[in-house]
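Chemist: Now for the letters of each chain:
Number of protein chains: 2
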Amino acid sequence: MSKATVFAKLDRIFHPRSVALLGASNKQGKIGRVFMERFLEMGFQKFYPVNPGESEILGVKAYRTLADTPDPVDLAIVVTPTDSVLAAVKECASKKVQAIVIATSGFAETGEKGKELEQEMVRIARESGARVIGPNCIGIYCPSSRLPFLQGPGKESGSVGVVSQSGFFADFLTLTVTSNGIAFSKAISCGNESDLNAIDFLEYLGEDPQTKTIVSYVEGIKDGRRFYHVSKEISKKKPIILWKGGRTEAGARAAISHTGALAGSPRVWEGVLRQAGIISVNSFEEVLDCLYAFHLQPLPKGRRVGIISGPGGTAVGTTDRCLELGLEVPRFSMHTIERLHKALPPVGGSVNNPVDLSLASLVAPTVHRDAIRIVAEDEGIDMLLLIGVVGGKLLRDLILEAMSDIKARKPLVVTLMAGPMQSVAQDFPLLLRSGISVYSDATRAAKALAMLFEHARFRARVSNGATHK
Amino acid sequence: MSKATVFAKLDRIFHPRSVALLGASNKQGKIGRVFMERFLEMGFQKFYPVNPGESEILGVKAYRTLADTPDPVDLAIVVTPTDSVLAAVKECASKKVQAIVIATSGFAETGEKGKELEQEMVRIARESGARVIGPNCIGIYCPSSRLPFLQGPGKESGSVGVVSQSGFFADFLTLTVTSNGIAFSKAISCGNESDLNAIDFLEYLGEDPQTKTIVSYVEGIKDGRRFYHVSKEISKKKPIILWKGGRTEAGARAAISHTGALAGSPRVWEGVLRQAGIISVNSFEEVLDCLYAFHLQPLPKGRRVGIISGPGGTAVGTTDRCLELGLEVPRFSMHTIERLHKALPPVGGSVNNPVDLSLASLVAPTVHRDAIRIVAEDEGIDMLLLIGVVGGKLLRDLILEAMSDIKARKPLVVTLMAGPMQSVAQDFPLLLRSGISVYSDATRAAKALAMLFEHARFRARVSNGATHK
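Chains U and D are the protein sequences, given in the same order. Residues in the first sequence are numbered from 139 upward in steps of one, following the numbering used here. Residues in the second sequence are numbered from 139 upward in steps of one, following the numbering used here.
Same shape as in the complex, but just chain U (with noise of 0.2 Å):
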């Protein structure tokens, strides 16, 4: 098939005309509760809750099999309990669904009888037609065509795609990041991809016009040189984020009980993750930084940080960590250091690279702008690290001037000591919805410029073989 019917086919999925959930229920605390709460939240039209036990459920009508339900359905969601799931993939079979999200966990994850059972299943769906997504997932998200994710983050659309063995972190990363204010294209939790896999939804985002950016969560991969070819081709284009999951002995048993997935060598996964040109990160939390770096910058031409800090001692320790991460901090130009020197009050600080903003931060927050748009022009900065300490409203606002006033766009990465977390807290989706990327800490401001840098390199390298500072 060629790639355009190949992402066709999937996209299929992503816009179903009519939604069945099979295992819809009343009760507080069922899964099945939850996906109704979402659905109508969203407010998907042509939606059919399936319950045998049901005519009615939160005010919608209910059918008591999938069977009596008007309308071809495009999509079954399956929340069953997991003795009963077999019975409704064939009542799917019967219907010609599309496609099929299992939610319902307790197959390979635990064991040989799980895995042909979920082998058995996906025979009886392929043979109807139709194309199988979990089970052990949370499903598709995609706030376009209004399908939703179990903790509801929402309508709005975005370009972050997603792709997720673990439902958790597909589920958390998407409530998490639209809070902050950045929305997302798709995400799919793909749980013990008994038939559509990682690797399927990597390429479909790959082509996916609506995603600009894509983040993963994995922990074993069956096909590594697929794996390879295709992330190294999106990589290309657009950054992949992507946490793998089981680099360790005791991590890849943990694999093995979460989501059936054997994990690999580490060795061998650090290898094919740096040579596809993916941005591997560790934690949730880098996870999110890179993502407010990649998503919201472009990509630096060279490795030199200009970094513009309201605190003095701050500015060193950030200093010592880009210099730990490979870039450079370099002095300024002498035409810089003057402009800086007029531009700054004379009372402590540092005119040089890293800038001391000192109390004038504090008492003259537009030194702030100043000292960015100043930085941002001297060429031998690629791009640029920000410590402010004013609330985000104001600082916001000072980065905006800064940042029209300026030609040749670099990278900004702010850091927000502006106080306690709760402020901070509130600050960030103002920063973010403002295409500016933000930071709780220096020393992970840095730490994503350095990711930035390092991407630059691998594209620069692909593209021609360009040589690269």
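Accuracy of the hints is not assured; some may be wrong.
For chains that are exact copies, the list does not tell them apart, and a pair is met inside one copy or across any two.
[To be verified] Cut-off 27 Å, straight-line C-alpha distance, at most; resulting in silico cross-link-like pairs (DSS-like, lysine-lysine):
(1) K165 x K531
(2) K199 x K228
(3) K480 x K253
(4) K531 x K168
(5) K251 x K480
Read the hints as simulated data drawn from the structure, not as lab findings.
With the hints as your guide, set chain D onto chain U.
Modeler: Just chain D, lined up with the frame of chain U:
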């Protein structure tokens, strides 16, 4: 002088009967105004604003000169412009004040001339019997005696002590941590250290019965040998969490223009910190992470971690991180596995290490409590890492219930993955106030456990040369 005399002499600085503020001001944006407001908020009784042009500032009687103030003045805080600081110090010498905080900057950190001026000021002060703190600092915070800091961390007394060569660090740390529910005994910003230095204050906090845990930020230490001996002695009984700025060449260059400190060779430092048993960190967030662990948890008896997780994917990644940090995530005893089997619902999840509570963590949150109890009672487990997905109050109560039943207390660190930043930010103070060490990312919680374990090994080594697992 005996240790007790040295302690008593410094202790007087923290408990002045009267304070004069030279450079007190009415004007918004002036540091003399900020200090005024903070002293008023703290309700310090015998407080004398000094300003040649004012008779009253913010409703408080002001004095034209220090000589005009009524009582003897124990502590003088100087915030006048750089070129009038020498005169202010002379006034202090005539008034026979016991200690002078010079907040003003523009001395040794600007070059040789500033350094000479500093030395002259110290000579004059010492001749009159006064000690000097600063210049280029924000002085001392001591809630029990109502001495304020600039950003206003409040009146509550606690048992964390701080010594910092960076004023911003001390100020921001106390603000952030108190807003998270943990209070301070004393915090000192010692700036350029023209007289009293970080080692003096470390020694003081080491002796101070109010101080249980010490946090420090330093860029350069003048007497490395004394620093080593003092901090090693303290580390035998109290943890010192230290961020050393200026570890790289560029960082060291930045340190000189920040506090005039010579940062020293990174490799030498690394050895000194390790051998002195110092908990060495490299970012502001790492300071917080370690503080929350060391201040609230006991030291572990070994390196074996029991992980209890709501989300399965995070359990896998966290297991990886523990192993990479030199910890172990061993299988549980058969007895523990049987108990977990009985306590946890049969669907999904895993009853071995890491325990995957799966959806049960959301549907039946009491499994958090039951799992903690059971894992803590496994003799093969030295410390616990809990990854919770429910909100703060419920989680706090379940943890406290579990802990109240456990005889031998083991370190427990908690990761809160309960939703968007705003809600997590609200839950942090709730948990920390109850003595629960909490983290926003499980790999950071794992790092904190690794630091606890490393320090436990140091203690075992220095106490009796006993072997340690």
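Chemist: Each of the hints needs a verdict: does it hold here or not?
Modeler: Quick rundown of the hints versus the structure:
no.: 1; hint: K165 x K531; verdict: between (43 Å within a copy, 24 Å between copies)
no.: 2; hint: K199 x K228; verdict: within (23 Å within a copy, 87 Å between copies)
no.: 3; hint: K480 x K253; verdict: between (71 Å within a copy, 25 Å between copies)
no.: 4; hint: K531 x K168; verdict: between (41 Å within a copy, 23 Å between copies)
no.: 5; hint: K251 x K480; verdict: between (75 Å within a copy, 23 Å between copies)
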